[in-house]
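> Given the coordinates of chain F, assemble chains E, U and H onto it according to the supplied hints.
Protein chains in written order, with my numbering: chain F, 4 to 274; chain E, 4 to 274; chain U, 229 to 467; chain H, 229 to 467.
Hints are supplied without guarantee of correctness; some may be wrong.
List of simulated lysine-lysine pairs, DSSO-like, C-alpha gap at most 27 Å [said to hold, decoys possible]:
(1) 376/U <-> 94/E
(2) 94/E <-> 368/U
(3) 368/H <-> 94/F
(4) 94/F <-> 351/H
If you're looking for bench data, these hints aren't it; they were derived computationally from the structure.
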Amino acid sequence: MIGMSKLVGLAEAAAMIPDGAVVAMGGNVMHRSPAALARALARRGARGLHFVKTAAAYDADLLCACGCLASVSAGYVGYESEFGLAPHYRKAVESGSVEAREHACYTIITALRAAIQGVSFLPVKGLEGSDLPAARGWKTVSDPYTGAVFVAIPAIRPDWAVIHVQEADRLGNGRILGPRYEDVLLAKASRNVILTAERVVDRLDCAIEAVDISGFMVSAVVAAPGGARPCSCAGRYGIDVPGTRSLVESPVGSAADAHLSLYARNDGGAL
Amino acid sequence: MIGMSKLVGLAEAAAMIPDGAVVAMGGNVMHRSPAALARALARRGARGLHFVKTAAAYDADLLCACGCLASVSAGYVGYESEFGLAPHYRKAVESGSVEAREHACYTIITALRAAIQGVSFLPVKGLEGSDLPAARGWKTVSDPYTGAVFVAIPAIRPDWAVIHVQEADRLGNGRILGPRYEDVLLAKASRNVILTAERVVDRLDCAIEAVDISGFMVSAVVAAPGGARPCSCAGRYGIDVPGTRSLVESPVGSAADAHLSLYARNDGGAL
Amino acid sequence: MSAWTASDIMALCLARLLRTGETVFHGVASPLPLVAILAAKRLSPPGPVYLNITGGVDASPRRLPKSTDDPELLAGSASLFGLADIFDLAARGGLDTAFIGAAQIDGSCRLNSSVIGPFDRPKVRLPGGAGSAVLVPNAKRTLVWRTKHDPRSFPARVDFVTSMGGIDRVVTPLCVFRNAGGRLVLESIHPGVGFDEVAAATGFPLAAISAPATPAPSAAEMAALAAVDPGRLRDIEFA
Amino acid sequence: MSAWTASDIMALCLARLLRTGETVFHGVASPLPLVAILAAKRLSPPGPVYLNITGGVDASPRRLPKSTDDPELLAGSASLFGLADIFDLAARGGLDTAFIGAAQIDGSCRLNSSVIGPFDRPKVRLPGGAGSAVLVPNAKRTLVWRTKHDPRSFPARVDFVTSMGGIDRVVTPLCVFRNAGGRLVLESIHPGVGFDEVAAATGFPLAAISAPATPAPSAAEMAALAAVDPGRLRDIEFA
Numbered sequence: 004m005i006g007m008s009k010l011v012g013l014a015e016a017a018a019m020i021p022d023g024a025v026v027a028m029g030g031n032v033m034h035r036s037p038a039a040l041a042r043a044l045a046r047r048g049a050r051g052l053h054f055v056k057t058a059a060a061y062d063a064d065l066l067c068a069c070g071c072l073a074s075v076s077a078g079y080v081g082y083e084s085e086f087g088l089a090p091h092y093r094k095a096v097e098s099g100s101v102e103a104r105e106h107a108c109y110t111i112i113t114a115l116r117a118a119i120q121g122v123s124f125l126p127v128k129g130l131e132g133s134d135l136p137a138a139r140g141w142k143t144v145s146d147p148y149t150g151a152v153f154v155a156i157p158a159i160r161p162d163w164a165v166i167h168v169q170e171a172d173r174l175g176n177g178r179i180l181g182p183r184y185e186d187v188l189l190a191k192a193s194r195n196v197i198l199t200a201e202r203v204v205d206r207l208d209c210a211i212e213a214v215d216i217s218g219f220m221v222s223a224v225v226a227a228p229g230g231a232r233p234c235s236c237a238g239r240y241g242i243d244v245p246g247t248r249s250l251v252e253s254p255v256g257s258a259a260d261a262h263l264s265l266y267a268r269n270d271g272g273a274l
Numbered sequence: 004m005i006g007m008s009k010l011v012g013l014a015e016a017a018a019m020i021p022d023g024a025v026v027a028m029g030g031n032v033m034h035r036s037p038a039a040l041a042r043a044l045a046r047r048g049a050r051g052l053h054f055v056k057t058a059a060a061y062d063a064d065l066l067c068a069c070g071c072l073a074s075v076s077a078g079y080v081g082y083e084s085e086f087g088l089a090p091h092y093r094k095a096v097e098s099g100s101v102e103a104r105e106h107a108c109y110t111i112i113t114a115l116r117a118a119i120q121g122v123s124f125l126p127v128k129g130l131e132g133s134d135l136p137a138a139r140g141w142k143t144v145s146d147p148y149t150g151a152v153f154v155a156i157p158a159i160r161p162d163w164a165v166i167h168v169q170e171a172d173r174l175g176n177g178r179i180l181g182p183r184y185e186d187v188l189l190a191k192a193s194r195n196v197i198l199t200a201e202r203v204v205d206r207l208d209c210a211i212e213a214v215d216i217s218g219f220m221v222s223a224v225v226a227a228p229g230g231a232r233p234c235s236c237a238g239r240y241g242i243d244v245p246g247t248r249s250l251v252e253s254p255v256g257s258a259a260d261a262h263l264s265l266y267a268r269n270d271g272g273a274l
Numbered sequence: 229m230s231a232w233t234a235s236d237i238m239a240l241c242l243a244r245l246l247r248t249g250e251t252v253f254h255g256v257a258s259p260l261p262l263v264a265i266l267a268a269k270r271l272s273p274p275g276p277v278y279l280n281i282t283g284g285v286d287a288s289p290r291r292l293p294k295s296t297d298d299p300e301l302l303a304g305s306a307s308l309f310g311l312a313d314i315f316d317l318a319a320r321g322g323l324d325t326a327f328i329g330a331a332q333i334d335g336s337c338r339l340n341s342s343v344i345g346p347f348d349r350p351k352v353r354l355p356g357g358a359g360s361a362v363l364v365p366n367a368k369r370t371l372v373w374r375t376k377h378d379p380r381s382f383p384a385r386v387d388f389v390t391s392m393g394g395i396d397r398v399v400t401p402l403c404v405f406r407n408a409g410g411r412l413v414l415e416s417i418h419p420g421v422g423f424d425e426v427a428a429a430t431g432f433p434l435a436a437i438s439a440p441a442t443p444a445p446s447a448a449e450m451a452a453l454a455a456v457d458p459g460r461l462r463d464i465e466f467a
Numbered sequence: 229m230s231a232w233t234a235s236d237i238m239a240l241c242l243a244r245l246l247r248t249g250e251t252v253f254h255g256v257a258s259p260l261p262l263v264a265i266l267a268a269k270r271l272s273p274p275g276p277v278y279l280n281i282t283g284g285v286d287a288s289p290r291r292l293p294k295s296t297d298d299p300e301l302l303a304g305s306a307s308l309f310g311l312a313d314i315f316d317l318a319a320r321g322g323l324d325t326a327f328i329g330a331a332q333i334d335g336s337c338r339l340n341s342s343v344i345g346p347f348d349r350p351k352v353r354l355p356g357g358a359g360s361a362v363l364v365p366n367a368k369r370t371l372v373w374r375t376k377h378d379p380r381s382f383p384a385r386v387d388f389v390t391s392m393g394g395i396d397r398v399v400t401p402l403c404v405f406r407n408a409g410g411r412l413v414l415e416s417i418h419p420g421v422g423f424d425e426v427a428a429a430t431g432f433p434l435a436a437i438s439a440p441a442t443p444a445p446s447a448a449e450m451a452a453l454a455a456v457d458p459g460r461l462r463d464i465e466f467a
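So that you can see chain F by itself, here it is in the shape it has in the complex:
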């Protein structure tokens, strides 16, 4: 509700997301992921979450390592050239414990747009010749005017979007510096939004076009300096290489406790 502070702690925010929820995470690959909140979900032992993102790395891989996920809907899950494949995600999928709901990044965007627009599907241009529609059970739809055929992408309406921003205010207005990736779409598509922020102020004081997330859509705001680590946060810090290696090199299938401990102080600063 407008006018009231939405500030909560990291663990409290993680507790708002129930087991089994559909959770979309902001940022892209190793940049501006809501990593501290992902760790808070792991610490609380979340189970059965359905993860949604165009291109993921640390967050999805950590949640797979900790057994939190039932499925991953994404166009890409991996660390890019420096750290390679996402080992925990890979293992979880190959063992059958997590369902890889592979998308093209654009079909994630299309699915989110359907949710935003209140329709149960949207037609998308592309996918000709791809095995993905058959593998994913996607059906087609015909233009009733021209007969043109498109793949129909079912809406994805996340229960929660979790987005890390450089600056937020207590009312939930959020400001992203640098790349926005798909975060504005995620916020609009989701039933509830949690912002974690490098810095929380009483009221954002910037040009109106610099406010990416409108506060009235946001349920909770968490002060989480360093909350994207080991991912980068534009204008604040780059990728934490040892921190990333600590997860990537954790024994595959382990609960990654040592890795979580590594960030206890970073994340505790937010409590």
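Then chains E, U and H, alone, in the frame of chain F:
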């Protein structure tokens, strides 16, 4: 092409838009309409244009008064409370010389989104009980997964979008101050974009999020100070009441020559 | 002579329906809703979350413009949330209240802003429904106002159904209607107005034979109106 | 020993294909395309309009990040044009060139970035095709690169078709393939590489029995590479 100046004069820009083209105009009702370019089209005697806008006033009314239009696709055409109905539009439609393709503003947005996304239609939520779908010949489409039925809105891909901005650079980057209305959608949906601008600089020097139109999508830039008059232009000038009255009170069906003369000096400053 | 006008009580009837925290939108040509929203925010802060075509979110205009999509309605906004966003919000079930005007309103909660006469060759081409054809079904509720209450504005049947469905209340200079199972019924009659006057001004039959009086404007309400609309924009639709 | 590496000639083969004024996009995990685009812009200014996931339009990064969706790739951008915008641009026919990588490429111009083994119970779960399933059909042309050229990477048939269609060229450390009516055929073999070496490294049959030599990097080209990529990011995929 990037790196090359796209600066042209007002008449030259109007000459780029051929008779019969689908032309979308930016702004909303009496605010930041590309009025000088609409007058330039009227002066060159444009014919058979198909006009597109969510909510129009002066631009559509002027072009109707001057016999430039074949159709108007819009959710609203009128001057709001102060000046009332759009008399020239009304007369043109009632006489059968202009086709009123009434939309809901949202179905204009949906039609533009379809064009932006390269699909020939999009499903839209709403319109239950309305006579509009039958009157407009809109068909329905079924969700192939759930059977849910939506009205299918055919894409509108304007040949030209004409958008008035407060500031543009020679490469076509455009900055809007105040309300953006649907102008960013119009620019993306259209095959070609003309910007008219209060001020043209060599290179926009503002925060990246303040640049609303990416230059590579723009064909031509026109220096047109006062180019929205008699409409308002946020941060520059308000609605010109006598100028508006001059059009509204022109004899219905006239070519509005006296009205065009009134703005000759305003528009000539741009040549 | 009463201390308040029809525009005052209409603005206040609309304002009284608004709740703190709900999302509320008005579009073009909507001076009374604009005044009502600002009055509601002043009477019970922070009041509803106020959205409009400029992209304003809880804007605090320094003066009230005659045009209700004027850039001034973005002043002091916390963020940009434009018209496409608002329509989307409604489509996904997140818009609590939409204000919609109409040229004709009939007893079956149908609105016409499109044409008088046939659609393809109208006797009068009206401005069009703007957002109504999607907002009336998609918003959780629609509040309708019309400053003329006569049988042409409230006919037995509208010439064209621009929109219908989720209408909750209709506020006029004479009375307030509410939607009872798809039919407009009298909820209250403004002080000083007789039942017969309402019946004579309405082109569809009134189910009831009487209705309670609309509560007269309180001093606090009148003060709120004076504060948010000192220039009496709310009178413009009565000109 | 030649004065250039496989990464040099691969970057230059990609750069040579780019034209001034065209729109070009690379996605995640695309260091060679990043270097190629910047080299093309330097060799023939202003070069292509450079788009990437950060929303950058003709960004001028001050250093080349290992991650190709790093915020640095937004530095100096003229405007924001994000990933959704880029996919839309491609869908409506406005993206001239997309760079796409893949784990497997077969002779029928099919790409696999999804799985080795069955989709539902894969032997190896790969990262996924990112944008390829829509960009390969929607962009006017797709340029593919792969820094490994061996029969596993270039099999007779991919395990899974993540995308196919609009592939124009495939650049490897050994050669350049082009799409001839839906089949990959040799366009050129890099200097110092023998035809038999290419044939042995390729899991599908080569239609020709020879191919012209890829032009060796010129001094100007090597200077451009050195200027835009002094830290040799282009070697990262060879590590």
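> Does each hint fit the structure? Answer for all of them.
Evaluated hints:
| no. | hint | result |
| --- | --- | --- |
| 1 | 376/U <-> 94/E | holds, 24 Å |
| 2 | 94/E <-> 368/U | violated, 37 Å |
| 3 | 368/H <-> 94/F | violated, 37 Å |
| 4 | 94/F <-> 351/H | holds, 10 Å |
Comparing the model with each earlier hint shows violations of hints 2 and 3; every other hint is respected.
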